[in-house]
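What follows is the residue order along each chain.
Protein chains: 2
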Amino acid sequence: MSNDSQSKHDQKLVHVLKTSAAIFAEKGYHSTSIRDISRATKMSLAGLYYYFASKEELLFLIQDHCFSTVTMDCKRLIAGVEDPIQKLKLVVENHLNYFVKNMNEMKVLSHEANSITGDWFKKVNSKKRQYVDLVKNLLGEIARSQEVKGIDLRVATFSLFGMMNWIYNWYDPRKDADVTELARNITRIFLSGFLGSVLPEAAETGRESHLERPVSVWPQ
Amino acid sequence: MSNDSQSKHDQKLVHVLKTSAAIFAEKGYHSTSIRDISRATKMSLAGLYYYFASKEELLFLIQDHCFSTVTMDCKRLIAGVEDPIQKLKLVVENHLNYFVKNMNEMKVLSHEANSITGDWFKKVNSKKRQYVDLVKNLLGEIARSQEVKGIDLRVATFSLFGMMNWIYNWYDPRKDADVTELARNITRIFLSGFLGSVLPEAAETGRESHLERPVSVWPQ
DNA sequence: AATAACATCGAACACTCGTTCGAATTAATC
DNA sequence: GATTAATTCGAACGAGTGTTCGATGTTATT
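As they're listed, the protein sequences go chains A and B.
Following this note's numbering, the numbering of the first sequence begins with 1 at its first residue and continues without gaps.
Following this note's numbering, the numbering of the second sequence begins with 1 at its first residue and continues without gaps.
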């Protein structure tokens with residue numbers, strides 16, 4: 001008897017990955033031991049290694065799967081849409097919705113980006129770059145069509161990602177507004193800021209830096 | 001013979017803290033061993049413990065010092081300034097300048113916020129809350145005076161911090177514009193987005209969510 | 001020069017870590 | 001029901017961890 005879509009094996013792997021992601025999200029990758037995962041999954045230490053080859057591969061499986069899905073969903077969502085602004089709104093909405101719905105995995109993706117090394121790092125990073133470029137190009141398109149001036153495209157792109165990816169540090173679904181409202185807020189702040197050449201010139205006074213001298217944490 | 005401002009002991013402590021911050025920033029707190037720090041400072045393993053009581057206290061010393069300085073500089077900078085918008089600009093400028101000038105320490109502050117526990121965590125966290133509230137209140141002041149509507153203050157505050165704190169993930173002083181330009185970009189994007197009620201209503205179409213169903217990373 | 005305080009270190013301890021291996025158990029196939 | 005394959009596990013290994021301790025060297029004070 002062969003299963004249709006998902007074998008027993010894959011189902012259990014998914015369960016292991018989901019449980020691990022939750023612990024990684026809570027304690028961090030490096031301070032999570034395989035023994036922690038063993039305890040949470042009620043599997044033996046050695047038994048876990050039937051599902052992944054090493055702790056780092058486990059991290060890779062989580063990150064890779066997560067990135068693949070969010071990118072795929074994103075591309076599918078904006079396919080066919082013409083207006084680049086509309087596209088961007090969909091991208092932000094997708095990203096935030098995905099983030100909130102899969103907070104553990106996304107936190108592992110954001111926070112443990114440098115906990116993975118070697119070829120695994122390369123593979124995840126190339127997917128990341130692909131996703132970032134998609135957004136950057138979208139912003140470029142918008143900038144051209146709306147004649148946005150004086151904003152560095154790289155700064156703008158990472159400012160947007162900063163806004164979106166930072167939420168794992170503060171967003172609490174029980175306390176804060178739902179995702180739709182969150183997406184509306186962030187989209188509006190970013191987009192109207194990115195487009196908005198409208199900051200009153202009066203507020204632009206003091207163009208030079210106000211800092212007398214470079215400040216350093218430690219004396220000398 | 002007593003030293004005036006900084007004793008020999010404090011100077012060496014500062015050196016240890018700065019070196020440790022650099023390694024923590026590069027490898028992460030949990031995968032940095034005291035032996036790594038021993039190697040980098042050319043001090044013996046046991047010798048280091050003359051300057052701090054435990055690895056976690058070392059992390060605390062870095063974070064606490066960093067937070068104290070940035071908050072103090074910030075308050076000093078905006079003291080006497082009336083216009084809340086002008087104040088905010090100074091806060092952003094100070095934060096980013098500090099971040100870039102002390103990238104290692106600030107990365108440790110941002111990225112290892114949950115690597116510290118117990119009373120140390122409480123102490124650092126209360127300083128953090130103080131700083132965040134300062135910015136939040138400033139935004140509230142601006143919102144009232146400029147009649148900003150429809151933006152959640154909490155979302156706005158953390159969006160700003162997201163933009164600013166995310167830079168350790170991408171900012172490269174050799175590649176990107178200098179801090180003044182960076183601050184100008186980020187201030188403009190955020191402030192004109194926060195104030196800007198000016199997003200054309202045409203672009204506000206599609207108020208309902210475009211996502212057909214909640215998406216989850218893992219099937220089921 | 002003797003004393004006290006400061007500073008440094010080698011060597012070890014107790015512990016946790018990721019990983020492996022061979023055997024045992026269960027499920028699938030013939 | 002026998003054979004093969006898939007899955008699980010207890011027990012251990014070797015390496016690395018944070019931390020301590022007693023001793024030694026160094027500097028400042030009397």
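Accuracy of the hints is not assured; some may be wrong.
Which copy is meant is left open, because identical chains are indistinguishable; a pair holds if it fits in one copy or across any two.
Lysine to aspartate or glutamate pairs mimicking DMTMM-like chemistry, simulated, CA-CA at most 25 Å apart [as the list claims (entries may be wrong)]:
hint	residue 1	residue 2
1	149	73
2	149	181
3	55	26
4	42	56
5	27	56
6	27	82
7	42	133
8	127	176
9	18	152
10	136	176
11	55	36
12	136	172
13	101	181
14	149	178
15	123	181
16	42	181
17	123	172
18	122	172
19	122	141
20	175	64
21	27	57
22	27	64
23	128	112
24	12	152
25	8	82
26	122	176
27	55	112
28	175	57
29	149	112
30	12	178
Since the hints were derived computationally from the structure, they do not count as laboratory data.
Outcome of the hint check:
1. 149 / 73: Intra 31 Å, inter 32 Å, cutoff 25 Å: neither.
2. 149 / 181: Only across copies: residue 149 and residue 181 sit 14 Å apart there, 29 Å inside one copy, limit 25 Å.
3. 55 / 26: For residue 55 and residue 26, both the intra-copy (16 Å) and inter-copy (21 Å) Cα distances are at most 25 Å.
4. 42 / 56: within (20 Å within a copy, 31 Å between copies)
5. 27 / 56: both (16 Å within a copy, 15 Å between copies)
6. 27 / 82: neither (43 Å within a copy, 43 Å between copies)
7. 42 / 133: neither (41 Å within a copy, 43 Å between copies)
8. 127 / 176: The answer is between: 23 Å across copies meets 25 Å, while 30 Å in one copy does not.
9. 18 / 152: Intra 38 Å, inter 32 Å, cutoff 25 Å: neither.
10. 136 / 176: between (28 Å within a copy, 15 Å between copies)
11. 55 / 36: Close inside one copy (12 Å) and across copies (22 Å); limit 25 Å.
12. 136 / 172: Between copies only: 17 Å across chains, 28 Å inside a chain, cut-off 25 Å.
13. 101 / 181: within (14 Å within a copy, 36 Å between copies)
14. 149 / 178: Between copies, since 18 Å is at most 25 Å while 33 Å is not.
15. 123 / 181: Close neither inside one copy (34 Å) nor across copies (33 Å); limit 25 Å.
16. 42 / 181: For residue 42 and residue 181, neither the intra-copy (39 Å) nor the inter-copy (53 Å) Cα distance is at most 25 Å.
17. 123 / 172: So residue 123 and residue 172 pass the 25 Å test across copies only (22 Å; inside, 31 Å).
18. 122 / 172: between (32 Å within a copy, 20 Å between copies)
19. 122 / 141: neither (28 Å within a copy, 46 Å between copies)
20. 175 / 64: For residue 175 and residue 64, neither the intra-copy (30 Å) nor the inter-copy (28 Å) Cα distance is at most 25 Å.
21. 27 / 57: Classified as both; 18 Å inside a copy, 19 Å across copies.
22. 27 / 64: Classified as both: same-chain Cα gap 20 Å, cross-chain 21 Å, threshold 25 Å.
23. 128 / 112: both (13 Å within a copy, 22 Å between copies)
24. 12 / 152: neither (46 Å within a copy, 41 Å between copies)
25. 8 / 82: neither (42 Å within a copy, 66 Å between copies)
26. 122 / 176: between (36 Å within a copy, 23 Å between copies)
27. 55 / 112: both (13 Å within a copy, 21 Å between copies)
28. 175 / 57: Result: close neither inside a copy nor across copies, 35 Å intra and 32 Å inter.
29. 149 / 112: neither (35 Å within a copy, 36 Å between copies)
30. 12 / 178: Neither: 31 Å inside a chain and 50 Å across chains, both beyond 25 Å.
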